[in-house]
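> Place chain B on chain A using the hints.
Number of protein chains: 2
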Amino acid sequence: MMITDEAFPVEPWQVRETELRLELLPQTESLFALSNGHIGMRGNLDEGEPHGLPGTYLNGFYEVRPLPYAEAGYGYPEDGQSVVDVTNGKLIRLLVEDEPFDIRYGELLSHERTLDMRAGTLLRTADWCSPAGKRIRMNSTRLVSLAQRGLAAIEYEVEAVDDVRITVQSELIANEDQPAPSDDPRVAAVLVNPLEPVRYEVSDCGAALIHRTRGTELMVAAAMDHVVEAPGRVEVSGDAGEDWARTTVVCGLKAGERLRIVKFVGYGWSSLRSRPALGDQVAAAIASARYTGWQGLLDAQREYLDDFWDCADVEVDGDPDCQQAVRFGLFHVMQASARAEQRAIPGKGLTGTGYDGHSFWDTEGYVLPVLTYTAPRAAADALRWRASTLDMARDRAAELDLKGASFPWRTIHGEECSAYWPAGTAAFHVNAAIAMAFERYRVVTGDESLEQECGLAVLVETARMWRSLGHHDRHGAWRIDGVTGPDEYTAIVRDNVFTNLMAAANLRVAADACTRHPDAAAELGVDTEETAAWRDAADAVHIPFDEELGVHPQCQGFTTLREWDFTENTRYPLLLHEPYVRLYPAQVIKQADLVLAMQWRSHEFSPEQKARNVDYYERRMTRDSSLSACTQAVMCAEVGHLELAHDYTYEAALIDLRDLHRNTADGLHLASLAGSWTALVGGFGGLRDDEGVLALDPHLPSGINRLRFRLRWRDFRVTVEVDHAEVTYSLRDGPHGSLTIRHAGKPLEIRTQSPTKVALQPVVPLLAPPQQPPGREPMRRHAVPSRPQG
Amino acid sequence: MMITDEAFPVEPWQVRETELRLELLPQTESLFALSNGHIGMRGNLDEGEPHGLPGTYLNGFYEVRPLPYAEAGYGYPEDGQSVVDVTNGKLIRLLVEDEPFDIRYGELLSHERTLDMRAGTLLRTADWCSPAGKRIRMNSTRLVSLAQRGLAAIEYEVEAVDDVRITVQSELIANEDQPAPSDDPRVAAVLVNPLEPVRYEVSDCGAALIHRTRGTELMVAAAMDHVVEAPGRVEVSGDAGEDWARTTVVCGLKAGERLRIVKFVGYGWSSLRSRPALGDQVAAAIASARYTGWQGLLDAQREYLDDFWDCADVEVDGDPDCQQAVRFGLFHVMQASARAEQRAIPGKGLTGTGYDGHSFWDTEGYVLPVLTYTAPRAAADALRWRASTLDMARDRAAELDLKGASFPWRTIHGEECSAYWPAGTAAFHVNAAIAMAFERYRVVTGDESLEQECGLAVLVETARMWRSLGHHDRHGAWRIDGVTGPDEYTAIVRDNVFTNLMAAANLRVAADACTRHPDAAAELGVDTEETAAWRDAADAVHIPFDEELGVHPQCQGFTTLREWDFTENTRYPLLLHEPYVRLYPAQVIKQADLVLAMQWRSHEFSPEQKARNVDYYERRMTRDSSLSACTQAVMCAEVGHLELAHDYTYEAALIDLRDLHRNTADGLHLASLAGSWTALVGGFGGLRDDEGVLALDPHLPSGINRLRFRLRWRDFRVTVEVDHAEVTYSLRDGPHGSLTIRHAGKPLEIRTQSPTKVALQPVVPLLAPPQQPPGREPMRRHAVPSRPQG
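Listed in order, the protein sequences are those of chains A and B. With full-length UniProt numbering applied, the first sequence covers 1 to 790. With full-length UniProt numbering applied, the second sequence covers 1 to 790.
If we strip away everything but chain A, and leave its shape as in the complex, we get (with noise of 0.2 Å):
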């Protein structure tokens, strides 16, 4: 289902939802939900019915359930991990006299739902006549506090159209019914009831839940608190049992008077702490909500918000789809990183159970890059979560035979839990982009500390890694056989170009930080000889390549194997459709993967091979997989196929609020929606950071007029304004006051006095722009209808 109607205005700073659609409904719990990166709340209606899928999660908080195997083999992951929806705090149930409010019953007037990507509410109106013909307004304002880490509020209220007696009741509601999975009903049925009662208490106006995981034995407290506001008589009492609390609010209300009510929910969870001391934390986040009271909250999150925009903002003059669509990607990568503190950020923030709530290597590789250059402190919280994951890292790596740490393919916790090696284990890729995220973190924040503190050990662990996997063949050359690149089409492969290069980046990096950093590294038992082993693989790393066709192989022969038949077989994606067996020795790609290679090890590709590897993989790429668009934007953009680039951007961006891969429902696109970012600064500004400097060249499509974006880089803001003709540096803050980048491939400095204008280099492209295969060309912007601007 696409959500592409006039009931969804293109605004630059709201979703907005005009009407309610039903249909949609799961669609818009995902687009709507909120989160700090700990608390994660989808956007269900308040009442909780009708819901497509009911959500709220806590960051780390998940339950085990055993992974089954038909036939099992040696380091096979035993115990898979799934989020678990805890406690459900938003609930508020509303009674106009005896009636509920449900939007299925009675007559809906008028129904509106607002993100606010400024404010950092969701806001709620309706107006409802109840089938009794008694009529009431309500509106409710929600947030997830992007201030106080363990808290979430709702403004609720209700305004008699007629003169009615109103019963609102808030709640918490443990182990609420979920829908029946889609697919395999064996690998979820452990998260029936995965809440098991510790405790309930009612307080004068609220009530707290103390819930713990039996697999895990993690404990969760939830509690509420409220205060009401109410024209006359008004009654509050409280109540609860093992899975729920709720407090009751009565009152008469005459046409035109209110009744209000703001809900605090705190939320604590640990796997350490007494059932007491979380109980008086969840008590502490109520406590000192109170303390700030509504308005505060409000007013934190806006200054939280605009500090974030002031760094984060990219402005799309032209194109208002696309301008709305960053906004939303930056607004909900924002919020899945906030205060994640040392946790992971899932593929899926926490929108939804999609992944069960797993991460991956989308952190490293597509989050990142975007929150180092605008909110590089949570991108160093997410790198410290991956550094203390390192142990069971280690582990992984002794269990499969080789030195050092291997990082899992798909996590909670830090476990390995990925139960089809050839798509898990054999992706050893996920350990360079974890590597060089922290290598990129250095370079762009000049911050060397988290170096110091955690990074050189994963450095020099996924080195080791790289060094035991990999092996001189007998010609000398470095190779890494049987393992996946980021094209899951084709798997357990020999010398995939874009796992050898990161792997030879991942090695240098870590000798060079091992040079930085001498006695930390001694006390890793790295000497010299093992450092000049890295460097030696490294520089005998082994990258095929086509002399005949001038393009490099995806990884070795892949060139000569069977071209998919794309005249019969084009049911996307096809891993719904076609076996594996047939996929893997095909040249049909899923996801940009030597693509990717030329992106992040810009520097190691000449502009022709670059030009003829484009034309050869757009040929062959599905984009079956929701980390393609925005690198093929990228890539695009830089051999000049400039539309082709704002095609695919459109893609990255619109993925969730057009619902491309129809599967929105489960939780957004992270790594996709961060990947908006990345083609329009990336792409269209063409920004590379590999070799270690600021290297920027931008080139606008013809449907964007004007592109504005902010980036830091080390103690600077940098303002990069492009228009068809020119661009503009601005410099901000910073020590000395002029920095050198690279525009165009050349050094230009400058300075924090006043704004650098240089012409754009133009782009001829070396190629006409290339097909896609049948089916498989993208979504072009005028195929959707143009709306009014907001």
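Just so you know, these hints were derived from the structure itself, not from any lab. All values reported here derive from a predicted model rather than from experimental measurement. Be careful, since some hints might not be right.
[To be verified] Mimicking EDC-like on lysine to aspartate or glutamate, the simulated pairs with C-alpha atoms at most 16 Å apart in a straight line are:
(1) B:LYS254 with B:GLU229
(2) B:LYS134 with B:GLU159
(3) A:LYS403 with B:ASP239
(4) A:LYS134 with A:ASP102
(5) B:LYS254 with B:GLU112
(6) B:LYS757 with B:GLU721
(7) B:LYS403 with A:ASP102
(8) A:LYS403 with B:ASP565
(9) B:LYS403 with A:GLU568
(10) B:LYS757 with B:ASP723
(11) A:LYS610 with A:ASP565
(12) B:LYS403 with B:GLU530
Quick look at chain B alone, frame taken from chain A:
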């Protein structure tokens, strides 16, 4: 637990256990299993307890269970198939006074079990003193009739040493308790109580039970009847319930008196026939058995076996271990196939539940070569079974987006049941093994009718599969990518030499068969363009060769993969201690692959290539598969490493008699047992047939003085007798009185009139005998204490 002590004397025609070894009960139950290919009975003690694994199997009788996947994929089989332990008809419990005869109680004065390979019986004698001090002698003779397919029978005698009252309970028991499986309890869970009771009946001297499986809805009937002989008053009574039936015989015996009971057990099963029809069928089996009588059954059994041994026996002078073992192997191969009659020959025959009772390429690749030369009617029946599953193989090919037919890697009924596709679906070579088994049958027997009847369609459809799986690369080479050859430690590879050679042979043989049967081929839609395309692909097949090393890489690039670190990682089998992700991209091999190609496609390799390839792969082969030793024996013999070949022959032959793979308890390794014949006849006899000619080239190792074996070829029977100097070829039967064979590479005419003696062609090894991986040197024959020959 190795079976190497003096309780198991080495005797040429029997396997005898001279005292009960309780700790070896699971293994001896497999060794002493009786079968006719339709019914299989493990060698459980008559009284049922103690046991390792109770087992009674009917070929083709199975249950389905869902195959669980933590991460599912398109084309993964959804249902597994498992052999069912059906109604146990071999149970005879004995009570001496009121004391149950249980060898764990009282005093076992003597106990002996003997598998008689000429009589086709399992004999057991025991001399037992009950805890109360009453002594009896019992003996039982068990047979599964080779003459009457649905029948088993037991003669059970008790002789009183003291005056005693004897009670015998002869039983049928359904849904026996199974021991907990060692690995994953989820996998076997559904097979608790697999049989749903349908009906039970009690007759004068017997009873019948009818059950049905829930998933497959197969009905099974088991009936028993008894002939009772006792000196004095004897009372016989019957009783039954849903899952049990009992005939009770009570009598008093004075010292020296005997009770004799003959128990007839009839079995039948069907997916179609009604309950009454099935009941009648087993009643008829019983009636027929009563008519034949016990002695008649014994006589028919011996007659069948005399005929079998006349054409199958191999005499190995000077090596009593191999002598016993090759007969043991042939006996079990005979048992597994004799009356299978268009059902599969499972990898473990009907001797245990290992591999769920599935059939693999073992059948066509390892068992049928032996049967084709020794019991061609059984080979034809096995091929008919395979052909009967062609429609399922067509469906599977269509599911995999392939033309033609793709036979399953593992199955009971015909559907693919392999849940791990890299070592299942990707092992397409099973199709070539099937096709080439039809061709071998045609060439060896001269019988063209089977090809006409069903073989042609198999050849055509497998050829179509190969043609659509492979492709021509841009240089015109025909390549097969993403497949797994026989070696399961290197999977999903390019251009596996074994697979490519076998596929090419499959294509050529199919084209030739179409030329022989033009009308039938036309009916299958084959035209000359299609056969030309098959031949073209076969001619253009890419066979990688490493010019530098002078060896064939097992697959493209194999010889530049990482060498396995045998200084550290030598816990065998490696698959239990190392992940696939590390095994696959290393030069470590589970089993003969390229080496098998050199046996099966012998003429495609030069003698020097064979010598160098054997040398290269011997050093990297772990023999972690039971399918390897026999092939290593054959190829080591060919290149002149005769002592090494002898060692491997020993391993292949004694795999179960010595429990070399530590899993004989789960059932016998039929392919390796058949392989003991192949090691002797193909290795030391030098038998090859891949050029359509009977080719021999004998050479004996020092430890064998004389080797004598028989073969069927067309209408002839050929006896080959070899010593260290010369070989004598004798010809029996046949229409023309003469046959041109190939001896040591040159044509030789042999005649029925008189044997032909020729000198052996000396074999001079090109290279010194190779080393094996540490810890994988073959088990030396002298490492086992020698025993007196029985």
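> Taking only the CA atoms, is the gap from LYS254 of chain B to GLU112 of chain B under or equal to 16 Å?
24 Å, violated
> Are LYS757 of chain B and GLU721 of chain B close enough, with their CA atoms no more than 16 Å apart?
9 Å, holds
> Between LYS403 of chain B and ASP102 of chain A, is the straight-line Cα distance small enough, at 16 Å or below?
55 Å, violated
> Going straight from one Cα to the other, do LYS757 of chain B and ASP723 of chain B come out at no more than 16 Å?
Between LYS757 of chain B and ASP723 of chain B the Cα gap is close to 11 Å, so the pair holds against 16 Å.
> Given the hint that LYS403 of chain A pairs with ASP239 of chain B, does the C-alpha gap stay at or below 16 Å?
This hinted pair is violated, its Cα atoms lying about 67 Å apart.
> Check whether the Cα positions of LYS610 of chain A and ASP565 of chain A lie no farther apart than 16 Å.
25 Å, violated
> Please verify whether LYS134 of chain B and GLU159 of chain B have alpha carbons no more than 16 Å apart.
Given pair LYS134 of chain B, GLU159 of chain B holds - Cα atoms ~12 Å apart, limit 16 Å.
> Take the C-alpha atoms of LYS134 of chain A and ASP102 of chain A, compute the straight-line distance between them, and say whether it is at most 16 Å.
The given pair, whose Cα atoms are some 13 Å apart, holds under the 16 Å limit.
> Does GLU568 of chain A lie within 16 Å of LYS403 of chain B when you go C-alpha to C-alpha?
Since the Cα atoms of LYS403 of chain B and GLU568 of chain A sit roughly 13 Å apart, the hinted pair holds (cutoff 16 Å).
> Take the C-alpha atoms of LYS254 of chain B and GLU229 of chain B, compute the straight-line distance between them, and say whether it is at most 16 Å.
14 Å, holds
> Assess, step by step, whether the Cα of LYS403 of chain A is no farther than 16 Å from the Cα of ASP565 of chain B, and give holds or violated.
14 Å, holds
> Against the 16 Å threshold, does the CA-CA distance of LYS403 of chain B and GLU530 of chain B hold or violate the hint?
12 Å, holds
Hints 3, 5, 7, 11 from the list above are not met by this structure, while the remaining hints are.
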